[in-house]
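Given next are the chains, with one letter for each unit.
There are 2 protein chains.
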Amino acid sequence: MTTYQSVLKQYIHFAGEHTFKGKPAELYDPANYILSLGGKRVRPLLALLGYQLVDPDIQRAMKLAHAVEVFHNFTLMHDDIMDNANVRRGEPTVHVKWDSSIAILSGDLMLVKAYQLLNELDTDAESKSSIIRAFGDMAESVCVGQQYDMNFEKLTDVSEADYLHMIEGKTSVLLAFSLQAGSILAGIDPALEQDVYDYGLNIGLAFQVMDDYLDTFGDQASFGKRIGGDILENKKTLLWIEAKKRCSSSQLKELQHWYSQTTESNEKIEAVTVLFKSLSVDTYAKEKMQHYFEKANMHLAHIKKHYDTTALEALANDLNARNT
Amino acid sequence: MTTYQSVLKQYIHFAGEHTFKGKPAELYDPANYILSLGGKRVRPLLALLGYQLVDPDIQRAMKLAHAVEVFHNFTLMHDDIMDNANVRRGEPTVHVKWDSSIAILSGDLMLVKAYQLLNELDTDAESKSSIIRAFGDMAESVCVGQQYDMNFEKLTDVSEADYLHMIEGKTSVLLAFSLQAGSILAGIDPALEQDVYDYGLNIGLAFQVMDDYLDTFGDQASFGKRIGGDILENKKTLLWIEAKKRCSSSQLKELQHWYSQTTESNEKIEAVTVLFKSLSVDTYAKEKMQHYFEKANMHLAHIKKHYDTTALEALANDLNARNT
Chain A
104 MTTYQSVLKQ
114 YIHFAGEHTF
124 KGKPAELYDP
134 ANYILSLGGK
144 RVRPLLALLG
154 YQLVDPDIQR
164 AMKLAHAVEV
174 FHNFTLMHDD
184 IMDNANVRRG
194 EPTVHVKWDS
204 SIAILSGDLM
214 LVKAYQLLNE
224 LDTDAESKSS
234 IIRAFGDMAE
244 SVCVGQQYDM
254 NFEKLTDVSE
264 ADYLHMIEGK
274 TSVLLAFSLQ
284 AGSILAGIDP
294 ALEQDVYDYG
304 LNIGLAFQVM
314 DDYLDTFGDQ
324 ASFGKRIGGD
334 ILENKKTLLW
344 IEAKKRCSSS
354 QLKELQHWYS
364 QTTESNEKIE
374 AVTVLFKSLS
384 VDTYAKEKMQ
394 HYFEKANMHL
404 AHIKKHYDTT
414 ALEALANDLN
424 ARNT
Chain B
104 MTTYQSVLKQ
114 YIHFAGEHTF
124 KGKPAELYDP
134 ANYILSLGGK
144 RVRPLLALLG
154 YQLVDPDIQR
164 AMKLAHAVEV
174 FHNFTLMHDD
184 IMDNANVRRG
194 EPTVHVKWDS
204 SIAILSGDLM
214 LVKAYQLLNE
224 LDTDAESKSS
234 IIRAFGDMAE
244 SVCVGQQYDM
254 NFEKLTDVSE
264 ADYLHMIEGK
274 TSVLLAFSLQ
284 AGSILAGIDP
294 ALEQDVYDYG
304 LNIGLAFQVM
314 DDYLDTFGDQ
324 ASFGKRIGGD
334 ILENKKTLLW
344 IEAKKRCSSS
354 QLKELQHWYS
364 QTTESNEKIE
374 AVTVLFKSLS
384 VDTYAKEKMQ
394 HYFEKANMHL
404 AHIKKHYDTT
414 ALEALANDLN
424 ARNT
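First to last, the sequence lines map onto chains A and B. Residue 104 is where the first sequence starts when you use the numbering used here, and the numbers rise one by one after that. Residue 104 is where the second sequence starts when you use the numbering used here, and the numbers rise one by one after that.
Treat the hints with care, since some could be wrong.
For identical chains, the list gives no copy identity; a pair is met inside one copy or between any two copies.
Capping the alpha-carbon separation at 16 Å, the derived lysine to aspartate or glutamate pairs in EDC-like fashion look like this [said to hold, decoys possible]:
no. : residue 1 : residue 2
1   : Lys257    : Asp202
2   : Lys338    : Glu367
3   : Lys338    : Glu223
4   : Lys143    : Asp240
5   : Lys408    : Asp292
6   : Lys407    : Asp158
7   : Lys126    : Asp265
8   : Lys338    : Asp260
9   : Lys347    : Glu357
10  : Lys126    : Glu243
11  : Lys126    : Glu271
12  : Lys143    : Glu129
13  : Lys371    : Glu357
14  : Lys126    : Asp240
15  : Lys257    : Glu129
16  : Lys124    : Asp240
To be clear, the hints were calculated from the coordinates, so they are not data collected in a lab.
Required output: the full structure, derived from the provided sequences and hints.
Okay, here's the thing in structure tokens:
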């Protein structure tokens with residue numbers, strides 16, 4: 104059993120050796136650029152840790168790991184155009200550094216590349232086909248999640264169920280797929296495939312709810328992004344959805360007042376944070392997060408009976424440690 | 104042997120029964136919309152005629168046919184954003200009817216859908232994997248072709264070799280793939296797979312050169328688009344590339360003068376057409392076209408020795424008949 108840090112190191116080495124080659128540069132460079140920006144590489148790590156549950160020879164899962172990372176970065180490249188985002192991991196986004204047409208086309212290439220990697224997996228054709236099928240279903244859910252996210256911006260109200268459905272598509276299904284596909288490639292007991300998927304799905308939901316919480320109530324230094332960003336962008340997060348449910352009519356007016364503003368304002372961040380706190384939606388979010396972690400751990404317990412989950416748990420704990 | 108017209112009818116019926124279902128509407132409707140706009144459906148026809156070379160039961164190839172049509176329309180949806188095109192087949196483009204974000208995401212979904220269709224093909228897993236590999240290589244070439252096309256807009260000079268490489272990627276490889284994948288799915292003699300591919304590739308090149316020719320020298324009524332469109336857009340077509348090679352320094356100045364204009368002008372169309380004609384680049388394009396048709400027919404002759412190519416030839420002839 105290799106630690107997740109060592110697994111990460113091996114993946115980063117692999118990714119460095121497998122940059123995309125080809126011409127014209129305008130097509131391939133942006134793909135290599137966004138992949139080089141780093142990040143936590145949670146998805147390839149999950150693919151490799153899923154594989155390692157069953158088989159220590161994680162090299163066999165490297166192409167799968169790279170496929171999910173390439174796919175994730177394809178979605179980032181296109182989302183950044185749709186969201187008009189100028190900065191990604193402290194660097195200019197592709198459509199800013201090059202232009203939107205290049206970001207569209209280079210993203211398209213990355214989606215093709217992800218499929219190419221999957222189709223090159225070192226396994227029998229049947230398993231490959233079933234991994235490609237699951238990948239396609241996952242990719243469709245990610246598109247659905249992104250479209251709902253864009254739709255929500257124009258709605259005056261969003262239910263918690265709709266919100267959870269959206270984040271499941273946008274974030275969790277890819278984490279779940281990564282972990283499960285790794286374990287299937289390694290030949291996990293089919294009876295446990297669903298537990299592996301559900302573990303990934305629920306930690307995904309927990310981390311997304313955590314992100315919502317930390318965006319308002321986190322610590323600037325450890326969060327990495329500006330605290331209050333969601334509030335400034337009038338984002339319909341879990342905090343906002345629950346606050347709307349709990350608030351009095353005068354509080355609702357205040358919330359609506361602030362969420363009709365689009366200018367940068369520390370006063371707005373402070374006022375909405377105080378309002379959220381007075382309605383205890385911070386506690387609500389923490390409970391919700393706890394709920395998903397507990398669900399995840401229930402599935403983990405099943406897996407643990409048969410496989411060594413030490414490295415996987417260490418990763419989840421370290422990601423969870425942001426919440427302190 | 105069914106006529107290509109009857110094959111087309113069966114495909115249109117299949118496509119009508121297999122519209123995409125799902126929510127949100129903003130994601131699925133644009134995909135169904137662009138597919139409903141019609142067109143000649145050359146790619147699915149080629150997939151089905153490739154299949155029919157070997158096996159009359161073309162229903163088995165419908166998902167392949169639909170996959171290539173969905174893929175083609177994905178490229179149109181994204182290209183229309185990049186090209187700022189407002190009209191597609193007489194109707195508003197997706198990014199005009201909805202918006203650019205929706206056109207990006209709905210296009211992404213269509214690429215995923217194309218792969219899903221391929222992965223559902225009624226064949227053994229090995230063949231499926233090899234069709235998916237060929238599809239990925241083709242899709243990458245299409246991205247390469249589109250990027251070169253965009254790059255050419257900014258260059259002052261483009262060689263004929265670069266131009267041919269570009270149109271091969273943008274148009275021909277998909278035609279070649281469609282025909283070949285159909286024939287492979289039906290179990291064609293492997294010794295002929297390359298001939299089938301090369302036939303598709305060369306008719307693709309011939310038709311693209313024909314498009315360049317007809318855009319300037321065609322008959323308005325039968326061409327369907329405005330004659331002189333390429334000239335108005337200062338497009339670096341085969342006519343322009345050859346004219347630049349042949350012209351005197353005073354003619355070059357004239358050509359450069361007109362190609363620095365960006366306003367709508369019938370005078371420009373007339374002047375450039377006269378110049379092209381005086382340099383006999385119309386004849387050059389026709390010879391080039393003939394050259395590709397002859398190459399295509401050489402490969403067809405090999406195929407004909409073993410399979411009935413009547414329907415395929417009828418399609419090629421009818422497409423060729425535009426050139427009269």
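Evaluated hints:
In the homo-oligomer, the alpha carbons of Lys257 and Asp202 lie at most 16 Å apart only across protomers (14 Å), although the nearest pairing inside one protomer, at 26 Å, exceeds that limit. Only within a single protomer do Lys338 and Glu367 lie at most 16 Å apart by alpha-carbon distance; the minimum there is 14 Å, versus 45 Å between protomers. In this homomeric assembly, Lys338 and Glu223 never come within 16 Å of each other (Cα to Cα): the closest approach is 40 Å inside a single copy and 39 Å across copies. For a Cα distance limit of 16 Å, the shortest separation of Lys143 from Asp240 qualifies neither inside one copy, at 24 Å, nor across copies, at 30 Å.
When the C-alpha separation of Lys408 and Asp292 is checked against a cutoff of 16 Å, the pair qualifies only within one copy, where the shortest distance is 12 Å, while the shortest distance between copies is 52 Å. In the homo-oligomer, the alpha carbons of Lys407 and Asp158 lie at most 16 Å apart inside one protomer (15 Å), although the nearest pairing across protomers, at 52 Å, exceeds that limit. Proximity of Lys126 and Asp265 under a CA criterion of 16 Å is satisfied inter-copy only: 12 Å between copies versus 43 Å inside one chain copy. Proximity of Lys338 and Asp260 under a CA criterion of 16 Å is satisfied intra-copy only: 11 Å inside one chain copy versus 48 Å between copies.
When the C-alpha separation of Lys347 and Glu357 is checked against a cutoff of 16 Å, the pair qualifies only within one copy, where the shortest distance is 11 Å, while the shortest distance between copies is 68 Å. For the homomeric pair Lys126 and Glu243, the shortest alpha-carbon distance between copies (11 Å) is at most 16 Å, but the shortest distance inside one copy (29 Å) is not. Taking the shortest Cα distances, Lys126 and Glu271 sit within 16 Å of each other only across copies (15 Å), while inside one copy they are farther apart (36 Å). When the C-alpha separation of Lys143 and Glu129 is checked against a cutoff of 16 Å, the pair qualifies neither within a copy, at 26 Å, nor between copies, at 32 Å.
With identical chains, the CA atoms of Lys371 and Glu357 are at most 16 Å apart within one copy only, with a shortest distance of 10 Å there and 61 Å across copies. In this assembly of identical chains, the alpha carbons of Lys126 and Asp240 lie at most 16 Å apart only when taken from different copies (14 Å versus 31 Å within one copy). Only between protomers do Lys257 and Glu129 lie at most 16 Å apart by alpha-carbon distance; the minimum there is 13 Å, versus 34 Å within a single protomer. Proximity of Lys124 and Asp240 under a CA criterion of 16 Å is satisfied inter-copy only: 13 Å between copies versus 28 Å inside one chain copy.
Going through the hint list in order, the structure does not satisfy hints 3, 4, 12.
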